[in-house]
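J.: Just so you know, the protein sequences line up as chains A and B, in that order.
So in the numbering used here, spot 11 of the first sequence is number 11, and the numbers just go up one at a time.
Each number in the numbering used here corresponds to the 1-based position in the second sequence with 1000 added.
Think of the hints as simulated: they come from the structure by calculation, not from any bench.
As the structure is a prediction and not an experimental result, all values here were calculated from the model.
Where is the CB? At the ideal position from N, CA and C, for every residue including glycine.
Some hints here could point you the wrong way.
[Claimed, not checked] Derived Cβ-Cβ restraints for the label pairs, each shown as a range:
id, chain 1, residue 1, chain 2, residue 2, range
1, A, K194, B, F1013, 41 to 51 Å
2, B, L1102, A, D136, 31 to 41 Å
3, B, T1051, A, S178, 31 to 41 Å
4, A, T104, B, G1052, 52 to 62 Å
5, A, P103, B, S1024, 23 to 33 Å
6, B, P1041, A, L106, 26 to 36 Å
Given next are the chains, with one letter for each unit.
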Amino acid sequence: MQLTGAEIFLESLKREGVKTIFALPGGVVLKIFDVLHQQKDVEVILTRHEQGAGFMAVGSAKATGKPGVALITSGPGMTNVITALADAYMDSVPIVVFSGQVPTALIGNDAFQEADNIGLSRPCTKYNFLVKDVNDLAATIKEAFYIASTGRPGPVLVDIPKDVSMDKAEFKYPDSVSIRGYSPTYDGSKWKIKQAAEAIAKAKRPILYVGGGVVFSGASKELLELAEMTQIPVDMTLMALGGFPGNHPLSLGMLGMHGTYVANMAMHYSDLVIAVGARFDDRVTGKVSEFCPQAKVIHIDIDPTSIRKNVHVDIPIVGDCKRVLVELNTILQATVNGNQRDLRKPWWDQLHAWQTEHPLQYDQDPEGQIKPQYLIERVYKLTEGLDPIVSTDVGQHQMWTAQFFKLANPRTWLTSGGLGTMGFGFPAAMGAQAAYRNRLVLCIAGDGSFQMNTQELVSAVVAKLPVKVFVINNRFHGMVRQWQDLFYDGRYASSYLDQYPDFVKLAEAYGAAGVRIEKVGDVDAGIQEALSIDGPVVIDVPVYQYENCYPMIPAGGSNHEMLLGDPPDLKKPSPTGKKSSQQGQDTILTA
Amino acid sequence: MEHIISLSIENKFGSLSRVAGLFSGRGFNIESLSVAPTLDPSISMMTIVTTGEERIIEQILKQLNKVIDVIKVVDISESEYVERETALIKVHTRPEDRAEALRIADIFRANVVDSSPTSYTIEVTGDVPKIQAIINLLQPLGIKELVRTGRVAMGREPTRTASAQSRPLAKVN
């Protein structure tokens, strides 16, 4: 049967099992929207900005593991979605973005709302396609989903010119895909895995350094098995949170620039680093020349380019984390001798000492201003049993959430790691909520970050996505202010947000609910109130403005050289003062 | 150190920009690049000359392998290879220099492919030192224009044992 390109698009999405797409129309995609409007199989969530559509696709993909889908128009629609593509590329998130394009006859003529979508997206997609003939559309969509979701996952763009969406062709969806230049390696070299097992058996101070790859490949169970069998401590990257239970006695928490003291000390003094699906990002390695000076490095990763990109690797294993861990566990089960707990005792004694010496900590004066860490920890405690999906924006609140929210399950953590995109959290949470209508989805945002995509509040109201957004409101770009405190003599250049909006009124203006929590004593009740509201809620929490996030490894510093608190000469007002931090009462210090 | 990378790539819209973009985006260096279709018109061969320390070259090879349009990557310079480059050189010739220009061309087994009362266009093929040598010799006469193709290269077939083959990288993504 002959179908139009727009109908082929719809039929192809159905074949891929797509239930929801995030979309914003425009001139060249109207034919596709017209077709989507007349059916019920694929839900269209209308966003108010294409960046929102992109992040919703990312959130949906992170939560479900299946590609998220966005549909946007040419020109500005495309340029607006670029940030989400770049974000997904850095964090290996499978999304497929469909962009409209001007009719093929006009491409290259500087037509109205034309942009070189392929050229723009090339450096921030795993692959991209321009469909020039409607007869290629179905096969292209099949390839797009295949490339996005296999190997190291990533974003794929499919650019559809207006005439292609209107032309007709016979619809036949291919059963399989064969791309001669693309065949990811899933099984690790048995010989290398055997070497890794031998190194693990010999190591005295081994550490598992695990990244997002554990989550993407679904290797949490195998990781837990490996860690428990060998009693090796686990350091998680920001992307790995939830991939190993945060409360597990073998978990040392997050490592890196704002990682725990014990996690970073363990890396520095380890004699064997077992990297699983992590890429030795600069926020983890610190100063590369002083990174894990005594350690041999085993690196398991599906992407060969990740191996030896930043640090020397002794035993490289290219393969899918899950398959490699299954293989490794089998060998270790047969070879690991003796009581691992006794064997590892000296190492664990040291780790426990570091844990006790400098645990994560903050002071909360019950009469003083709310500390951001306290709020986040209370949200965690009060929702722990509900297995929430948690998203964050980027900055101090993100790091505190990473530190204090001890997630138990994979795919419950949505954060922008590699690109560090403010404005990510709220739309990402909406994407996850669209995929799991009945789960609790929380967004921990900063007041700076949240303002980068507040327009989606109305999308959440219309689409009935009851996301709960906690705005950790310090009236600052907090992480910027922290760096200015530490490295720019406290000159707060453009980090104070002065005329911040009233977030409760803002939420109400969009048709959502607003709650404000101002006193320490009201925190629990406020959280409960917000959770009880059926619909999207913005919870504005004015917090102590000058709290800084520690531990911190200054950029370019070595992993064992952490700042554990504010330097003694840092001038800032006390959080215990009776003056509450309501709007208009901020005190800005000038150094 | 200089490396010559030979790669086969899908001969389609945008493939070249994926490779070129990879080099520019990651700050890798391209000394020369030449590309043309193979016997199979759906595949192009590309020869890239690049420089960098071993770690950088390893990344370049891996990153090229990762490009979905790239089918196979070989570091030709890992073992024995032959390389050639062609140059077209337009030499300004005064009447008294014309014989000298022809003599130089002859010595380098170069061909004169165009002639005018005041110039010869000389085509020369060879390795880089040879091309550089003829350029040096023709320069005193006055070179009006010079174009070079960039290098193409191919691994040598073994003459005795099969051990010294150029080593193809396994295609992994």
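J.: Could you tell me whether the CB distance from T1051/B to S178/A stays inside 31 to 41 Å?
T.: 36 Å, holds
J.: Honestly, do K194/A and F1013/B meet the 41 to 51 Å range at C-beta?
T.: At roughly 45 Å between Cβ atoms, F1013/B and K194/A fall inside 41 to 51 Å, so the hint holds.
J.: Please check whether L1102/B and D136/A have a Cβ separation lying inside 31 to 41 Å.
T.: Given a distance of about 55 Å, which is not inside 31 to 41 Å, the answer is violated.
J.: Quick check: does the Cβ-Cβ distance between P103/A and S1024/B fall within 23 to 33 Å?
T.: At 31 Å between Cβs, range holds.
J.: Per the hint of 52 to 62 Å, is the separation of the Cβ atoms of T104/A and G1052/B within bounds?
T.: 40 Å, violated
J.: Can you let me know if the beta-carbon spacing of P1041/B and L106/A is within 26 to 36 Å?
T.: 28 Å, holds
Against the hints set out earlier in the document, violations occur for numbers 2 and 4.
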